[in-house]
Amino acid sequence: MEITGAQALIKSLEEQGTDVIFGLPGGAILPVYDPILDSSIRHILVRHEQGAGHMAEGYALATGRPGVAMVTSGPGATNIVTPLANAYMDSTPLVVVSGQVSRAAIGTDAFQECDITGVTSGITKHNWLVTDANDLPRIVAEAFHVATTGRPGPVLIDVPKDVAQSMMTWNGPATEADLDLPGYRPTKGVDHEVIAQAIAMILEAKRPVLYVGGGVLQGNASAALRALAERLGVPVVTTLMARGAFPDTHPQHLGMPGMHGHYTAIMAIQRADLLVSLGARFDDRVTGKLDGFAPVAKIIHLDVDRAEHGKVRRPDLSIVANASEAVPALAEAAASVTPSDLRAWWDELHGYQAKHPLAYDPIDGNGLLKPQMVVETLNALAPAGTIVASGVGQHQMWASQYWQFEEPRTWINSGGAGTMGFAVPSAIGAKVGRPDRTVWAIDGDGCFQMTAQELVTARAEGIPIKVAILNNAYLGMVRQWQEMFYEERYSEVYLSPDLPNYVQWAEAMGCVGIRVDDPADVASAIERANSIDDRPVVIDFRTDASEKVFPMVPAGATNDEVLVHPSQRLHS
1 MEITGAQALI KSLEEQGTDV IFGLPGGAIL PVYDPILDSS IRHILVRHEQ GAGHMAEGYA
61 LATGRPGVAM VTSGPGATNI VTPLANAYMD STPLVVVSGQ VSRAAIGTDA FQECDITGVT
121 SGITKHNWLV TDANDLPRIV AEAFHVATTG RPGPVLIDVP KDVAQSMMTW NGPATEADLD
181 LPGYRPTKGV DHEVIAQAIA MILEAKRPVL YVGGGVLQGN ASAALRALAE RLGVPVVTTL
241 MARGAFPDTH PQHLGMPGMH GHYTAIMAIQ RADLLVSLGA RFDDRVTGKL DGFAPVAKII
301 HLDVDRAEHG KVRRPDLSIV ANASEAVPAL AEAAASVTPS DLRAWWDELH GYQAKHPLAY
361 DPIDGNGLLK PQMVVETLNA LAPAGTIVAS GVGQHQMWAS QYWQFEEPRT WINSGGAGTM
421 GFAVPSAIGA KVGRPDRTVW AIDGDGCFQM TAQELVTARA EGIPIKVAIL NNAYLGMVRQ
481 WQEMFYEERY SEVYLSPDLP NYVQWAEAMG CVGIRVDDPA DVASAIERAN SIDDRPVVID
541 FRTDASEKVF PMVPAGATND EVLVHPSQRL HS
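According to the working numbering, the sequence shown is numbered sequentially starting from 1.
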């Protein structure tokens with residue numbers, strides 16, 4: 001059958017199970033947009049290409065399936081670079097299709113030309129410049145294969161306009177035998193001797209800790225993790241990228257480690273004699289000053305990416321495997337052993353929990369809302385299974401600290417890249433992928449102003465997300481650092497509480513806008529938002545700018561130098 005390259009591209013996406021594309025058309029990609037009219041794929045028209053990328057990320061994180069975005073050449077392609085970088089850092093499977101000028105014009109500085117494969121070579125697992133329409137079925141299949149196997153990540157397919165317009169012979173979708181990926185050999189299988197060694201090391205340890213990263217979520221290994229932890233009675237900490245991989249209410253869960261982690265989780269790692277890293281990469285926000293991190297611990301490192309082993313901390317035992325295979329293997333091996341007596345270790349940990357729980361100042365005479373209280377109330381009133389997306393900054397840390405995550409894929413956030421503006425579009429993508437779930441975006445006023453225009457997309461497309469703006473009129477995390485480490489010299493961080501008017505802005509975008517100044521009105525505003533399901537809702541919570549995120553490990557300090565809330569320091 002003779003069809004155009006554009007038709008072959010869309011048919012190939014259909015064959016890969018694509019049900020939605022987030023995108024924005026333009027000249028170079030225009031031929032590909034025509035066959036979408038005849039496709040089963042839903043297209044969501046964004047207001048900015050960055051929004052398309054973050055929506056695709058939110059979709060992927062909420063569903064476990066690769067997100068797909070489509071943009072035109074030049075600025076369309078460069079506008080999606082940030083989501084590609086974000087997905088690369090967080091190992092999120094993403095397939096981006098970009099338009100390109102016709103092959104004869106490449107290299108001539110043609111209108112809206114950009115070497116996007118060159119630009120993205122360091123922030124994608126792989127990218128392709130298509131030079132023959134007949135290659136499209138194979139390349140699309142390769143793109144999905146690379147994005148979803150081994151360590152997941154983003155890929156990009158750059159399609160010149162004349163390739164999309166040219167004719168090709170459609171012989172059906174590409175098969176696995178058609179893939180041409182020399183050198184790409186994602187890790188498969190598990191070495192059961194290494195698994196047995198790991199279990200033996202855990203049984204020998206007096207103070208073991210399971211240090212859980214996003215790889216457990218990517219590998220859909222949460223159930224196996226719980227079985228492993230419960231069988232061996234070992235404490236669990238979950239990184240920012242792994243929130244929800246292990247239930248927060250589980251008695252073995254100590255919370256999040258790292259710069260703004262739970263005190264007990266931080267101390268558990270520091271005191272551990274064995275750290276079992278499951279799909280985590282020893283990020284600097286977790287380790288603090290590296291030579292003071294987990295100073296007496298032996299290390300077991302499970303990661304599918306061989307390059308991560310020894311990159312930051314040399315492991316005593318490496319398990320190069322996907323969490324989807326290795327964590328169940330560990331759980332199975334643990335089922336036949338007698339757990340160690342860890343009562344002394346748990347007594348120590350319970351002492352930390354009693355001494356340094358999360359804390360914040362009560363509401364004082366100025367009546368401003370405490371952001372932590374807002375998050376706690378959002379969590380308390382949320383329907384079961386609510387998905388939470390966040391931007392980056394103080395509100396992100398408070399969301400991670402004060403929301404109780406009970407199941408996987410309910411926390412959508414930007415970890416490694418720390419991308420402001422992530423919350424609103426990623427929440428839209430999550431809601432598209434999981435329309436049965438309530439989706440809240442917890443955002444800061446600085447982040448919200450970067451991508452709020454995507455609420456127009458949400459309203460136009462019938463995607464009723466809810467947004468809680470913790471409006472402290474500052475770039476809050478930067479202000480916190482300036483107060484603590486720059487002698488309160490607040491350089492370029494003030495945003496104004498009333499410019500813009502968030503209620504009017506929300507209403508102008510077709511959303512419901514609510515403003516909350518009084519702590520007594522917090523719960524009723526949230527209940528009203530939860531009851532609205534025909535359009536997006538934005539709540540402007542006026543919060544106290546003086547609030548800081550604690551605990552906090554200062555930059556350059558070891559985790560032993562963690563700063564707890566001032567109310568607890570006299571008792572440290």
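Hints in this document: simulated from the structure, not taken from any laboratory.
In this text, a Cβ means the ideal position worked out from N, Cα and C, and glycines have one as well.
Just to be clear, a hint being listed does not mean it is correct.
[Stated by the list, open to error] In silico DSSO-like cross-links for lysine-lysine, where the CA-CA straight-line distance does not exceed 27 Å: (1) K289 - K311; (2) K298 - K188; (3) K206 - K355.
[Stated by the list, open to error] Across the chosen pairs, the derived CB separations fall in these ranges: (4) K355 - Q112: 51 to 61 Å; (5) Y490 - P173: 50 to 60 Å; (6) K355 - P383: 43 to 53 Å.
Against the structure, the hints come out as follows:
1. K289 - K311: Status holds; Cα separation ~15 Å.
2. K298 - K188: With Cα atoms ~26 Å apart, K298 and K188 stay inside 27 Å; holds.
3. K206 - K355: holds (22 Å)
4. K355 - Q112: 51 to 61 Å: Because 60 Å falls inside the window, the suggested range holds.
5. Y490 - P173: 50 to 60 Å: holds (57 Å)
6. K355 - P383: 43 to 53 Å: violated (34 Å)
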